[in-house]
Every structure is written in C-alpha cells, then in structure tokens.
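2 protein chains.
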Amino acid sequence: MAEVQNGGEEKNVVVFSAFKPQLFVQAPKATDAVQFYKTAFGAEEVNRTMNPKRKADQELPLILSADLKLGDSVFSVSDLSDDAEKIDGSGCVFTLATDDIDGAISKAVSAGAVAEGEVTEDEVAGRVGKVKDPYGYVWVISSPAAKTTPAAEVEAQTTV
Amino acid sequence: MAEVQNGGEEKNVVVFSAFKPQLFVQAPKATDAVQFYKTAFGAEEVNRTMNPKRKADQELPLILSADLKLGDSVFSVSDLSDDAEKIDGSGCVFTLATDDIDGAISKAVSAGAVAEGEVTEDEVAGRVGKVKDPYGYVWVISSPAAKTTPAAEVEAQTTV
Chain R
0 MAEVQNGGEE
10 KNVVVFSAFK
20 PQLFVQAPKA
30 TDAVQFYKTA
40 FGAEEVNRTM
50 NPKRKADQEL
60 PLILSADLKL
70 GDSVFSVSDL
80 SDDAEKIDGS
90 GCVFTLATDD
100 IDGAISKAVS
110 AGAVAEGEVT
120 EDEVAGRVGK
130 VKDPYGYVWV
140 ISSPAAKTTP
150 AAEVEAQTTV
Chain L
0 MAEVQNGGEE
10 KNVVVFSAFK
20 PQLFVQAPKA
30 TDAVQFYKTA
40 FGAEEVNRTM
50 NPKRKADQEL
60 PLILSADLKL
70 GDSVFSVSDL
80 SDDAEKIDGS
90 GCVFTLATDD
100 IDGAISKAVS
110 AGAVAEGEVT
120 EDEVAGRVGK
130 VKDPYGYVWV
140 ISSPAAKTTP
150 AAEVEAQTTV
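In the order they appear, the protein sequences are chains R and L. If you're matching positions, the first sequence starts at 0 in numbering that gives the first Met the number 0 and goes up one per residue. If you're matching positions, the second sequence starts at 0 in numbering that gives the first Met the number 0 and goes up one per residue.
It should be emphasised that the hints constitute simulated quantities derived from the structure, not laboratory data. Treat each hint with caution, since some may be false.
Said to hold, decoys possible - Under the rule of at most 30 Å between Cα atoms (straight-line distance), these lysine-lysine pairs were calculated in the DSS-like manner:
#1 37(R) with 68(L)
#2 106(L) with 131(L)
#3 131(L) with 37(R)
#4 106(R) with 68(L)
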C-alpha cells in the first residue's frame, strides 16, 4: 500500500509501519538473552514466536523471534540455529514491515542494495524478502501481518 | 533519575528515555550511507553531529552521529574512524539514554554484562558509558541531554 506524501510530488513511496532491530544469538541462548535484557535493562517481552522446526537431537525448542519493548522501542531476539542462513558480518539485522514488499525491495535495490535470495512465503513469518545495503547491513522486509504469539500465551502453552 | 514502577515493589529501577541502534560505516562513508537510507527506505534525517576532531590528512569532516527517522523509530549512522575504538564483532551498537548512567551500568553488570572502560565525559556526547552483554552486543549508555545539531542547521553551516 503506497501513500503519497509531500503534496503528491514523490513517486514510488513505500510506507513502513515498523522498524525493528533483530539480535541473533547462538542457539539455544535466546531464552537466556531475553531474560538478560529484562533484568539488565527492564525490557518487557511483548510476544514470542517459537521456531516450528525442531530437530530430533535438539533438546530445547528455539525462539524464532521474541519481541522486547524498551522505552518506546521494540527489538527482537532470535536463536541462530545451525541450519539458519548465516548472518554475514553482524549478528544484528533490521526488519522493516510494509504491505508493499516487492516495491520496497525494488526501491532499495535501485538505491544500491543487493537482494538476498527470493521473497519467501512462510506460514509463521508471512512474506519475507531480504536486502544487503552497501555498508554490509542486512534489512529484512516483511509483511506487517506476520503471525506472532503474545508472550502470555507462550507461557500458558509451555506450562501445560 | 530512578522512578518506581509496579506499585513501588521493584528496586533499582533505571528508566530509559531512548533506545537507538547506531550503525557504524567505514569513514568517510557515513554521508553516503545517510543518503542511501533516505533514498532506499524514505528515512528522514532529524539531526547530525559532526566529529569535532579532524586530522590534517583528512579531507572530509566525519559524522559523529546522524539520526534518521524511519516510521516511528530512530537509528543513527556514524563514521567509524581509524582512531575510534573498534566495534567488536558487529558494526552496530545500541544506545540507551538515561539520567542514571551509573545505575544503568551497575544494573547491567549485575545481570552479566561487562563494563567496557570508564564512563567518559565529552563536550559533544555528554557522559557516556559502555557495556558488552553476554551475547557480544555493545550497549552505549548516555545522558539524554547529549548536544546534537538539527539537520537544518548543519545544512546551513555547510552551505556558508
């Protein structure tokens, strides 16, 4: 969904509804990391999505993404599993939510970013694309409607 | 300034007024990076602080920090100069603003972070401390009153 700003003069406007740093930690340490950010900085967990793929030799379920609120901002913590694509250079990526994923990627690529793989569609994460900017940072472009589980629900499920 | 939350039961509460990812890029590319994030993602520059230290052989002034607004969030872009402390592991750090820098560092260290150096006092940045969390991420704790120059002022100065 593109909105026109600046009196209608700007073309190809992609509107982002959310910007979120995503911090990867070596699996299965994301649970500990979430606890650390709560204790150290008073972050509040607002939701958690578990990774539905669990290998036979894997003792703990992995965190796909746990959203933590800190002040007015939100960042997320994720387990970096062995079979996940390696995050080049940095353990941190930035996620942007928009209804116009293809438009966003196309605009970023025109500006000098490199598309990383194809846009994928996933039951949990929805449609997701990825670009690497000229400075080495990875931006994950996803649909705002990605399904996430409120933290309270996760706790209820895990205590059953 | 510590505020008491949760009906006064919680002790040692440190309140953060801002959370901001800070993306370092190899100097002097921060100017290009700011332009890239504007073009690629429609980010809006809200202020820019130049690095007051300029070496004789350095052609361009370096950006200490340029704040970019994307949706409701702000991130900053900085030139990583040769004499700056190296950012271990990741080119991205997270800044937290609070009036209680010592309390924040002490609480983070109690939770398992490692203090990086002493708290410094700087004309431009104000009081600044740094901790590395158990997962390798660096958090810069600074006072909210750090002096920054609005972008418009920077432009006016550079066009004179």
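To see whether the hints hold, each was checked on the structure:
no. : hint               : result
1   : 37(R) with 68(L)   : holds, 26 Å
2   : 106(L) with 131(L) : holds, 13 Å
3   : 131(L) with 37(R)  : holds, 15 Å
4   : 106(R) with 68(L)  : holds, 18 Å
Consistency note: the structure conflicts with none of the earlier hints.
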